[in-house]
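Engineer: The opening position of the sequence shown corresponds to residue 1 in full-length UniProt numbering, with each subsequent residue numbered one higher.
Hints in this document: simulated from the structure, not taken from any laboratory.
None of these values were measured; they are calculated from a predicted model.
Check the hints yourself; a few may be wrong.
Straight-line C-alpha distance at most 25 Å; calculated SDA-like pairs for lysine to any residue [as the list claims (entries may be wrong)]:
no.	residue 1	residue 2
1	Lys55	Asp115
2	Lys55	Thr113
3	Lys55	Gln107
4	Lys55	Glu76
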Amino acid sequence: MPRLTDARKELRRTQIAEAAVRCFSRNGLERTSIADITAESGLSVGSIYAHYRNKADLVRAAARQMLHQRAGTIGEFAAADVPPDPDELLSRLTAAIDPVQARVAVQTWSEATTDPAVHDIVVDATDRVRAMLHDCITAWLVKVEHHEPPQAREHAAPIAHRVMALYQAELLYTALRSPSEETPS
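Use the sequences and the hints to build the structure in full.
Structural biologist: Following this line, the structure appears as structure tokens:
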């Protein structure tokens, strides 16, 4: 049997994690089985277990993947010549919310209250997203509002906290109002 290259392994892991996200969104974390993920991914059970130890490992991978996507978006905003102001930043973030990912995010938050490993991932991811928002808002304060960097960083902290809270509220709102059959376009 041919061996998978590292790039191919990563593609396979992504394929499995994306299938898991779709299943989690449709069925919920608790009601999704490895058999569901196997059917959704089109891969064998052995392939799933070759890349992930168990369903909890898949939950963690799905959470990391979704947060990595958000991090890329926010990083692009911060690096722009003219970073968006906090209202525009929130507007862009909420416009990019995928209902499927929103449902899984909310379920993952719930899982974080009882699973220490998921808790650590959610807390770490939330802290990283808030730090990126802080950097983006700091860049806006420096580049657009012409604040000095030290004062901009200090002033950006409470703004980033509020933007993060409003973004999480929008994720929850999207998760609750969207039908579970909906798929990303």
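Engineer: Hint by hint, say whether it matches the structure.
Structural biologist: Structure-based check of each hint:
1. Lys55 to Asp115: 13 Å, holds
2. Lys55 to Thr113: 17 Å, holds
3. Lys55 to Gln107: Distance ~14 Å between Lys55 and Gln107 Cα, so the pair holds.
4. Lys55 to Glu76: Given that 25 Å is the threshold and the Cα spacing comes to 32 Å, the pair is violated.
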